[in-house]
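2 protein chains.
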Amino acid sequence: MKIFNVLMGLLCLMTAPVSGLAQEKIPSKGLAAVSNKGKFEVYEFERHAIGDNDILIETMYASICHSDLHHVHEDWGSEEYPMVPGHEIAGRVTQVGKNVIKFKVGDYAGVGCMINSCGDCNYCKANLEQYCKNVVMTYHAHDQYHGDEITQGGYSNNIVVKDQFAVKIPENAKMDQIAPLLCAGITTYSPLMQSEVKQGDKVAVAGYGGLGHMAVQYALKLGAEVTVFDITEDKRQDALDMGATKYVNVNNEDELKGMDDSFDFILSTIPAMYEPAMYLKMTKYKGDFAIVGLPALDNQPTLTVANFVFLGGRNVYGSQIGGMKETQEMIDFSVENNIYPMVEIIEATPNLVEEAYQNVLDGNVKFRYVIDMKTLK
Amino acid sequence: MKIFNVLMGLLCLMTAPVSGLAQEKIPSKGLAAVSNKGKFEVYEFERHAIGDNDILIETMYASICHSDLHHVHEDWGSEEYPMVPGHEIAGRVTQVGKNVIKFKVGDYAGVGCMINSCGDCNYCKANLEQYCKNVVMTYHAHDQYHGDEITQGGYSNNIVVKDQFAVKIPENAKMDQIAPLLCAGITTYSPLMQSEVKQGDKVAVAGYGGLGHMAVQYALKLGAEVTVFDITEDKRQDALDMGATKYVNVNNEDELKGMDDSFDFILSTIPAMYEPAMYLKMTKYKGDFAIVGLPALDNQPTLTVANFVFLGGRNVYGSQIGGMKETQEMIDFSVENNIYPMVEIIEATPNLVEEAYQNVLDGNVKFRYVIDMKTLK
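Residue numbers (our numbering), protein chains in the order written: chain A, 1 to 377; chain B, 1001 to 1377.
Source of the hints: derived by calculation from the structure; they are not laboratory data.
We put the CB at the ideal spot given by N, CA and C, even for glycine.
Treat the hints with caution; some may be incorrect.
[Stated by the list, open to error] So the derived list for chain A, only partly shown, Cβ under 7 Å to chain B, looks like this: (1) L256; (2) L297; (3) T302; (4) L303; (5) T304; (6) A306; (7) F308; (8) V309; (9) V316; (10) Y317; (11) G318; (12) Q320.
Let's have the full structure, built from the sequences with the hints guiding it.
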């Protein structure tokens, strides 16, 4: 009887909500870039204690987003190292803070690009936490809500996050494929929603990579006729197999002919230098050209005022991921409609991550590397 | 009796619809720029004969648009001289082609930036003739519908134009002030309509010149709260007198503080170099930043892809004048609501036009020069 009580006590301790008071920091281990050269090492560090509204997630899968490369390589500004990248994270909840009702231990949960925000500003109130001035990014950020600690991302065995910034992943989800949705999925789903893409619309997706191949699937599911633009022949068949009506290799000038004023909606996921005016020209009057791809800051594609005036009536806007409410909607929509990225699963070793980075850089990935974090040693 | 018949005959000849057949070319006289240095001379030339759907307008007033300067100075590409500028034209109909029912002799009529288009394309069918690939501009263009003749503008004693490309000006209009509406009016009215600016909206007008001071009046009439941006103190009081809530001299950094995410709609009429990203930043999420000002092509303001992504959710679009249907609506709206530009009327001499151009270039005009074409000698 005594033993039973002790066991029950332990079980309660393991599954019951934990108080934020007197909590210990959480030991964590991950794969960290040690400099902007892209060299990785296994790195041990601590995460902040589990607060009353926090959950602890044991990472199952973390995927490699092109933006991880931009951060590691300091393309978007100076960074601090060691840096554990990763903002596409899927795992299982192992502890919950005492106020948490959204999750219970054992649930699947996902974490994307952000882990906290002020909660008070107009953006936060409008479920657009990604635009909050005090948003905390999942990694390479300072967390002002936790003593300004440096945040570390998903290439690690666990993560502590406020419940609001984790999405519920349905039990029937394909866990080994779902992580990329947390960034690539929401980043492409959100502008398709913003522009209200619908049955019969002509949609173009520029850049057929991790983001692009999600955009194509969402656009097709919404009933659009989809054309894909990229700079290689290697992906032509993949795009057509996925259901694209047309694939355009923009390096072949002939393929670009006669495409002016063709699309109700164009989404650019291109992460490198390109000519946005070419796509603006292909946008129909009153159509939208949405930009989510962000090339290196020191070599930016531009649109001139003259581009806008000469191609009047076409809307251009940028978009960043999506708010947490929309991220949850996207996850539910994706799982319900069996929309997943095409992934290549790798083990969690520095060498394999470095190799994967090189392949992403070279455009040799179809279409997302997912790191199996359970293999981290 | 004989004399009476002859007089009646003459009168009929003057007022009856004329057939396009066997019509003579129309002698015309104007003020032409003779080179890109901005030197003007009196210039005699011919306009094409009055076709069955054409009207002949005796020019009463033509105003000086900033874009006239850009054309004369070849800021937007190479031009041909002599060039008679002017695409803000108000006058009286003196002859009508035999198919014309929209106008009768004696009516007031206005002509703006274009005088013909294909009539068949999707733009023409959607009353967006300004975007037709075969649109004929009022001057500095080749008219493919009339043997490729060079079109000459409104700084002249008359103009021949297809009735569809002339607007009816109500009898109670202030004729000496109305010409600028044909470009400055419609160019600012149209984006306000496109963005559905309404009561209570916060609107900013960047560039308080010929276009800007029309935009302010329309926005106020629509019930918006208007802030004006310019680079001078000289116009502060004018803007406030007109009803602007606030005037910001962008050269005073302090005045720009705290303006991020402030406006539902921003209209840039700026014709010179500036930083569009500054205005994008001041646009609210889901707000529109519309661009109508077109600086010289060799020194263009730009927006980077990063600007769009970091300031996600703000729409940017350019706009060119407006279609003929909307131009008529704008004229009716303006006259009905007593909305006119502030004008300075000058006589039609080369010297005065050259002087006016210099003042426009220096920003020393409040707000539009109108040339009284009846004074042309």
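| field | Broken hints, by number | value | 1
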